[in-house]
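J.: So you can see what is in the structure, the chains are spelled out below.
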Amino acid sequence: MTDASRIEPRTISVRVNGTEHTATVEPRILLSDFLRHDLDLTGTHVGCEHGVCGACTVLLDGVPVRSCLLLAIQAEGHEVRTVESLASEDENGELVLHPLQEAFREAHGLQCGFCTPGFLLTLLPFLDENPNPTEKEIRQAISGNLCRCTGYQHIVDAVRLAAQHRGTNGARQAEETEAGEPPGRETRA
Amino acid sequence: MKPPPFDYVVPGSLDEALDLLGDHGTEAKLLAGGQSLIPLLSFRLAQPALLIDLNRLDDLAYVRAGTDAPSAADDGVLRIGAMTRQRALERDPAIARVAPLLAEALPWIAHPQIRNRGTVGGSLAHADPAAELPALAVALDARFHLTGRRGVRQVTADDFYTGLFATALAADEILTEIEIPAAAPGTGWAFLEQARRPGDYAQVGLAVRLTLDPSRACRNVRLVFLSVGDRPMVASRAAAALEGEPPSESLFAEAAEIATGEIDPTDDIHASAEFKRHLARVLAGRALTRAAQRAADGESPS
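For the record, the sequence lines run as chains A and B. Counting from 28, one number per residue, gives the positions in the first sequence under the numbering used here. Counting from 32, one number per residue, gives the positions in the second sequence under the numbering used here.
Derived by calculation from the structure, the hints in this document are not laboratory data. Heads up, a few of these hints could be off.
Taking lysine to aspartate or glutamate pairs in the EDC-like style, the calculated list, with each CA pair at most 16 Å apart, reads [what the hints assert, rightly or not]: (1) B/K60 to B/E47; (2) B/K33 to A/E129; (3) B/K60 to B/D203; (4) B/K60 to B/D50; (5) B/K33 to A/E53; (6) B/K60 to B/D90.
Here are some of the chain B residues that sit facing chain A, going by a computed Cβ distance under 10 Å [said to hold, decoys possible]: (7) L68; (8) I69; (9) F74; (10) R227; (11) R228; (12) G230; (13) A248; (14) A327; (15) G329.
Built from N, CA and C at the ideal position, the CB exists for glycine as well.
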């Protein structure tokens with residue numbers, strides 16, 4: 028094995044949930060660990076750490092990817108979006124769930140919640156591309172995310188509910204998704 | 032489950048990547064999509080001193096499809112850059128037209144999040160015998176461009192796979208392009224796979240391609256299995272039994288039986304070798320029937 032002390036850490040700049048972060052990392056640090064340990068964004072959950080469970084799914088330049096199968100250093104210059112970006116603050120400073128999160132709550136799409144961040148970030152761009160998905164399309168979309176509590180039925184229900192809600196006030200929610208960035212976090216060195 | 036220490040470099044050009052690879056040789060490992068390599072690092076099954084990240088080589092990500100009417104300027108060959116994401120290939124509008132076998136098979140590769148990142152060349156060069164793309168490349172008579180500092184050489188997919196995770200790539204070469212020749216008119220195709228759950232590694236999978244000539248006889252039959260040997264397994268005796276024969280259920284059953292003698296499945300936790308042979312026989316019969324039907328219906332060629 029290579030002697031770790033001989034590997035130069037690198038400084039990277041990554042935009043996460045709308046905020047530019049500059050940090051120094053070893054090349055071997057996984058993006059999932061970088062998000063959790065360096066940026067304290069612990070909403071991204073780490074399950075299997077080898078690309079099977081989907082719990083660590085985040086958006087890289089808007090596309091769902093497994094953050095345990097990417098090195099943090101590879102995110103240099105890219106834009107990452109995590110579950111922390113979904114809820115937004117209303118005019119009174121209260122945190123308001125994203126409509127997709129609201130649909131999960133309403134349809135009982137989660138029990139323990141460990142897998143939920145991965146499901147949400149998989150589904151966010153899916154619903155943008157498929158505003159009115161069939162059950163088969165939904166099940167294909169979530170095939171790469173494991174849930175041990177719900178048996179998936181309630182998750183499918185939640186996606187349908189979210190799609191329905193989008194259908195009735197789609198324009199408003201599309202706007203919210205755009206504007207739904209969290210308040211900026213302090214950049215850590 | 033964390034990767035061991037390694038050094039990391041991101042070349043900005045293919046030449047730079049080749050120089051780095053030439054200088055570091057087997058100490059270095061190329062990082063494409065990382066969907067197999069990163070888990071191997073995390074499990075510490077791979078411990079390279081240096082990762083050469085190819086993800087900034089944007090000019091290796093492209094899909095160039097021939098047109099329906101090949102001309103002097105257009106040989107009808109489908110050319111895929113090695114760094115093309117599997118999802119990009121799956122979504123390329125030309126694929127269904129020029130390579131419907133690929134279009135049918137790509138959704139079987141793992142899950143959407145994996146295909147968003149995984150590359151065509153990465154999977155082909157990784158040479159996992161359970162992966163779909165190597166078997167597809169062999170079934171489609173693909174040619175691989177292997178680029179080194181001294182130039183490019185071409186190798187057929189058939190010759191590329193030399194054993195378990197072993198290929199004809201030299202230590203200082205990079206797979207840069209995949210060429211898939213245009214199919215003859217009257218070609219049918221089918222891809223079938225059996226897994227415990229969709230997206231899991233296949234217990235058995237296979238790609239079939241065959242052409243019906245004007246007299247409705249089978250020509251140029253290719254049956255290539257995945258997950259039942261150390262590399263994509265070509266059932267050439269089964270194919271030979273079909274050559275020049277008119278398609279029929281009984282003939283296909285006979286060929287499927289022959290094919291089960293040309294694969295080399297092993298017992299694993301998901302299925303016994305015996306069960307895999309059974310699956311191979313059933314899937315081969317179905318795939319041949321489907322491919323012949325498509326050839327007869329004159330759907331677009333693969």
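J.: Please list, smallest to largest, the hint numbers that this structure does not respect.
T.: 2, 6, 10, 13, 14, 15
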